[in-house]
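Asks: Numbering (my numbering), first residue to last: 1012 to 1065.
Hints are supplied without guarantee of correctness; some may be wrong.
Claimed, not checked - Label-pair distances were calculated between CB atoms; the ranges are: (1) 1061 / 1028: 41 to 51 Å; (2) 1039 / 1019: 25 to 35 Å; (3) 1047 / 1020: 39 to 49 Å; (4) 1022 / 1046: 34 to 44 Å; (5) 1036 / 1056: 27 to 37 Å; (6) 1014 / 1049: 50 to 60 Å; (7) 1029 / 1050: 30 to 40 Å.
Keep in mind that the hints were calculated from the coordinates and are not lab data. By construction, the Cβ of each residue, glycine as well, lies at the ideal position given by its N, Cα and C atoms.
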Amino acid sequence: REQSTGVSQVGQAITQMDQATQQNAALVEESAAAAESLKQQADELVKLVSTFRV
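With the sequences and hints as input, model every part of the structure.
Replies: Encoded structure:
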């Protein structure tokens, strides 16, 4: 019985780790998309500001 409980707890822990890993992967993708968007906006801002340089 103890062994069965231990195996069950390990299984639950693995499931939780899997969920956390998947959530982290989704957050990484969102962060990468946000970073790319910011880069594009920064590039555009550089172009716009360059028109004011003498």
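Asks: Now tell me if each hint is right for this structure.
Replies: For each hint, the structure was consulted:
1. Residue 1061 and residue 1028 have their C-beta atoms about 49 Å apart, which keeps the hinted 41 to 51 Å range intact.
2. As the Cβ distance of residue 1039 to residue 1019 is approximately 31 Å, the hint placing it in 25 to 35 Å holds.
3. For the pair residue 1047 and residue 1020, the beta carbons lie near 41 Å from each other, so the given range of 39 to 49 Å is met.
4. At about 36 Å, the beta-carbon gap between residue 1022 and residue 1046 stays in the expected band of 34 to 44 Å.
5. The hinted window of 27 to 37 Å between residue 1036 and residue 1056 holds, with their beta carbons roughly 31 Å apart.
6. A C-beta distance of roughly 52 Å is found between residue 1014 and residue 1049, which places it inside the suggested range of 50 to 60 Å.
7. Remark: the range hint 30 to 40 Å for residue 1029 to residue 1050 is upheld by a beta-carbon distance near 32 Å.
The structure shown violates none of the earlier numbered hints.
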